[in-house]
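Once you have looked at the hints, place chain B on chain A.
Number of protein chains: 2
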Amino acid sequence: MRIAPLFALALFATPLWAGADGLTATGDLGLVVERATGSLLLIDRSDHAAVARIEGLGDLSHASLTYSPDERFAYVFGRDGGLTKVDLLTRTIVARTVQAGNSIGGAISDDGKLVAVSNYEPGGVKVFDAETLALVADIPAEGKTIGLVDVPGRRFAWTVWDSGDAFLGDFSGTEPQIVTLGNAGKNPFDAVLTDDAHTYLIGLFGEKGVTAFDLWDESPAPEKFLTDYGKTGEDMPVYKMPHLQGWAFTEGQYALPAVGRHELLWVDRASQKTVATTAMHGQPVFVIAQPASPFVWVNFATPLNDVVQVVDSRSHEVVATLTPGKAVLHMEFAPRGAEVWISSRDDNKILIYDTRTREKIGEIAAQAPSGIFFTARAHRTGL
Amino acid sequence: MRIAPLFALALFATPLWAGADGLTATGDLGLVVERATGSLLLIDRSDHAAVARIEGLGDLSHASLTYSPDERFAYVFGRDGGLTKVDLLTRTIVARTVQAGNSIGGAISDDGKLVAVSNYEPGGVKVFDAETLALVADIPAEGKTIGLVDVPGRRFAWTVWDSGDAFLGDFSGTEPQIVTLGNAGKNPFDAVLTDDAHTYLIGLFGEKGVTAFDLWDESPAPEKFLTDYGKTGEDMPVYKMPHLQGWAFTEGQYALPAVGRHELLWVDRASQKTVATTAMHGQPVFVIAQPASPFVWVNFATPLNDVVQVVDSRSHEVVATLTPGKAVLHMEFAPRGAEVWISSRDDNKILIYDTRTREKIGEIAAQAPSGIFFTARAHRTGL
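Each protein sequence line maps, in turn, to chains A and B. If you use the working numbering, the first sequence corresponds to residues 3 to 385, in order. If you use the working numbering, the second sequence corresponds to residues 3 to 385, in order.
Chain A extracted, bound-state conformation:
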């Protein structure tokens, strides 16, 4: 039942797959990145099913995507600089532009009008009309841009790896207004915005520490903390840089992946002091809060990436260790937290777990799946 419709229905360009009445809603859909084949798998969260495959998206290694406010269109950011607009209802590519040589994610403005892409080669940020993908603004940078996030008021923030400078761009007027927030430090590798759009957090690679900017402040200043955070001579090799987008914010704390260590760090949000560390199975990659719960779920870098651990943010203790499959690359929660969907690249499967029983309740075949993205992301800031 889960495989057959995939191919049978691929023949149709209309949404007849949706049901007897030929109608479909978009609130419970999602896309899975199939990195090896450059394709996307359209999934139905309620039905625990794959309903279509969309092909021809280019190089999807390290790809991410974001959604339009009506949850109809996805904007896919490929590693090859491709920006592709996909229609979830017709299940087709409706626009595509190869806008740079090497890009690393993007974001959509709070009003859904603009899509911004963060580029490595050449460095900088390009901003596109979300409707047509026409270029609206081209902001050069003195190097690779990282950590691009949407900020309320049709704004975006980003940081430059080479110079360490962080920027805030306002695209609400006729001309973009770009201001320098300040210097974050040496070689920032990723950045993230808290879900209240209050704090822009930037992880450093060239020195130890994390730099925070208060975006609610009229004149934000860099504030460095966790100055023992990062790689040291005694550490193990870093198999994979952690994703800061995986930072969890729970119980007044940040839960951070230690770089190069088998450890999770808990930082008090108000004092910016480390309050606890948790010994983990491997080097954490994604640390994601289970919505409406005290728990964070963690996956790990190769070669220990067949395990997922669950940690209680109150006790900072590991409360469950699961082995969902080989090469777990990503986890995505149902927006109200009832389920988590886990991609096992080397088992070619998506595993679905009930978050309360922590038991597997379903699985879906997928080709080397990596990122999983539900449409509910359309309604969240900073993703």
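FYI, nobody ran anything at the bench for these hints, they're computed from the structure. These figures come from a predicted structure and were not determined experimentally.
Because identical chains cannot be distinguished in the list, a pair is counted as satisfied if it fits within a single copy or across any two copies.
Only pairs whose alpha carbons sit at most 27 Å apart, straight line, appear in this in silico DSSO-like list of lysine-lysine:
(1) LYS226 - LYS188
(2) LYS328 - LYS362
(3) LYS115 - LYS362
(4) LYS275 - LYS226
(5) LYS188 - LYS210
(6) LYS226 - LYS210
(7) LYS115 - LYS351
(8) LYS275 - LYS210
(9) LYS351 - LYS362
(10) LYS328 - LYS351
(11) LYS188 - LYS275
Just chain B now, kept in the frame of chain A:
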């Protein structure tokens, strides 16, 4: 352009109104309660437009509604005990049951399978299959039930006005498991769940104070605070009981409407101490946090209900006073906070404001509008 399609398109039962391709997504839709006429106005958030009117919903005074996870269906809780399921795509009523004599709101389970209704007459909670509206469970109570909320794990919490007891019902197994959380105090009038599903807060009318239950605890115990909260002999008459669903949670604080006073109370979430009060234009009714911002927006009880004030949760100062229209009953934010939609009952209008400039950017005609509900609510806990 905004009025004409309303009547022309009411002739169609198919979603041809959606656009040239006959398809529509549901992520940016919403419903406005038209209380005097027992109708719902279907609105398109992106287009700033009303697209259809759905009639025949009975008594919609004090009505609220919730959405299915796919954002296709609304469950409307009418004051007359009517529970109505509305399809946003076909714009029709697909099921309706008059399940009690007098009801006061409801909720949908985190997995979207069950809809629970809180009843006054006879008191108790009834639980229905979300697909068919068939009765699944009938939980009697020793009086009127108030403050019904969804709790993760296919659970609901509620409180009884007459006895003061609070309950947690687990509907994940074959038989419902109902446990008493404890006694909240004398005559609880409303309750609310924090967005992380951590704290169930119950406002008292028969005595001063607010009672909190920690729902993350295995055995939650009642914890009373703000014991000077409530009506005193010196206070003005209470023109309208504030809605606790309007309690805002921001910057580690609860922002509460003072009962019977022209005041907003700020309570530290960790210590449960009052940290500030803000003098306001009138008696607050809804106190709603603007997403991804430091601001809360407040409307007021009659006769001072033509004003909306904006308060900064850092300084606790009023930063803006707006006069959107006569009899402002409700405010609903776009999920990422770019706009707020405000219902002006006596002007028969919905006013749309840009939250950054705080200027009006649109309006929509509606018949005596009260509650505004965007489909993004489908993805939030405790609504």
